[in-house]
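Participant: Spelled out from the first residue to the last, the chains are:
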Amino acid sequence: DSGVTQTPKHLITATGQRVTLRCSPRSGDLSVYWYQQSLDQGLQFLIQYYNGEERAKGNILERFSAQQFPDLHSELNLSSLELGDSALYFCASSVSAGTLRFGGYTFGSGTRLTVV
Amino acid sequence: DAKTTQPNSMESNEEEPVHLPCNHSTISGTDYIHWYRQLPSQGPEYVIHGLTSNVNNRMASLAIAEDRKSSTLILHRATLRDAAVYYCIPRTQGGSEKLVFGKGTKLTVNP
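Chains as they are written, first to last, in this note's numbering: chain L, 1 to 116; chain V, 1 to 111.
One should not assume that every hint holds.
What the hints assert, rightly or not - Straight-line alpha carbon distances no greater than 25 Å define the calculated DSS-like cross-link-like pairs of lysine-lysine that follow:
hint, chain 1, residue 1, chain 2, residue 2
1, V, K103, L, K57
2, V, K3, V, K106
3, V, K69, V, K103
4, L, K57, V, K3
Unchecked claim - With beta-carbon atoms standing in for the labels, derived distance ranges:
hint, chain 1, residue 1, chain 2, residue 2, range
5, L, S80, V, E11, 38 to 46 Å
6, L, K9, V, D67, 38 to 46 Å
7, L, R18, V, Q42, 21 to 29 Å
8, L, N77, V, S53, 37 to 45 Å
9, L, G84, V, Q42, 21 to 29 Å
10, L, T13, V, K106, 29 to 37 Å
11, L, G3, V, P17, 26 to 34 Å
12, V, P17, L, S80, 44 to 52 Å
To be clear, the hints were calculated from the coordinates, so they are not data collected in a lab.
Treat the numbers as computed from the prediction; the structure is a model and nothing was measured.
Ideal Cβ placement from N, Cα and C applies to all residues, glycine included.
Throw the hints in and build the complete structure from the sequences for me.
Facilitator: Below you can see the structure in the form of structure tokens.
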């Protein structure tokens with residue numbers, strides 16, 4: 001157990017639907033990062049939140065959105081789903097790299113999304 | 001983001017040392033070099049990171065060239081559990097601190 005919890009582990013849904021993926025970061029970590037991994041694209045950075053605020057955006061589609069709540073858990077919302085959205089979605093967390101506690105980024109085990 | 005070049009794949013035998021190279025010639029002076037690995041069907045796992053001098057931890061050693069344009073991850077005795085895709089990632093200190101993954105090196109460990 002890495003300390004980063006992602007739910008659900010698997011999700012199967014139909015095209016056009018909306019889903020929410022949840023991530024609980026490791027205790028004490030303020031940053032949460034979302035990544036998408038598909039077979040042909042590798043690991044793609046989507047978005048980062050730091051202590052509730054959006055910090056950086058990557059290749060995130062407009063149909064996707066995320067937020068980080070006061071208890072620091074984060075949710076990734078995917079809407080109007082298409083077949084091509086089928087992928088593994090990973091969440092990672094970290095403390096700020098400037099702190100003595102920094103020991104790298106901790107990833108969860110991912111949510112496998114299948115759009116049919 | 002600095003670009004990296006890693007071999008697509010490498011093979012090793014169990015209990016032998018493995019040297020995984022990475023070229024990052026466009027790295028800036030403040031970029032840390034991170035290494036992560038991803039075992040099959042799992043999320044990426046932190047291995048090691050460093051800035052200028054060589055680093056050791058329980059998992060591996062990181063040798064950084066003096067000009068910082070390349071680095072080598074060293075697994076001292078490969079085990080079957082070390083079979084994974086290894087990613088070398090220069091990461092800019094400050095700012096968003098996000099990790100940008102390349103294609104990595106797929107390491108196969110033969111029994």
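Participant: If a hint holds in the structure, say so; if it doesn't, say that too.
Facilitator: Hints versus structure:
1. V:K103 / L:K57: Distance of about 20 Å is within 25 Å: holds.
2. V:K3 / V:K106: Distance ~18 Å between K3 (chain V) and K106 (chain V) Cα, so the pair holds.
3. V:K69 / V:K103: 18 Å, holds
4. L:K57 / V:K3: 19 Å, holds
5. L:S80 / V:E11: 38 to 46 Å: Since S80 (chain L) and E11 (chain V) have Cβ atoms about 44 Å apart, the given range 38 to 46 Å holds.
6. L:K9 / V:D67: 38 to 46 Å: Since the Cβ atoms of K9 (chain L) and D67 (chain V) sit about 44 Å apart, the hinted range of 38 to 46 Å holds.
7. L:R18 / V:Q42: 21 to 29 Å: About 27 Å separates the Cβ atoms of R18 (chain L) and Q42 (chain V), which means 21 to 29 Å holds.
8. L:N77 / V:S53: 37 to 45 Å: 43 Å, holds
9. L:G84 / V:Q42: 21 to 29 Å: 23 Å, holds
10. L:T13 / V:K106: 29 to 37 Å: Once the Cβ atoms are compared, 31 Å apart, the range 29 to 37 Å for K106 (chain V) and T13 (chain L) holds.
11. L:G3 / V:P17: 26 to 34 Å: 30 Å, holds
12. V:P17 / L:S80: 44 to 52 Å: Roughly 50 Å apart at Cβ, these two residues keep to the hinted range, so it holds.
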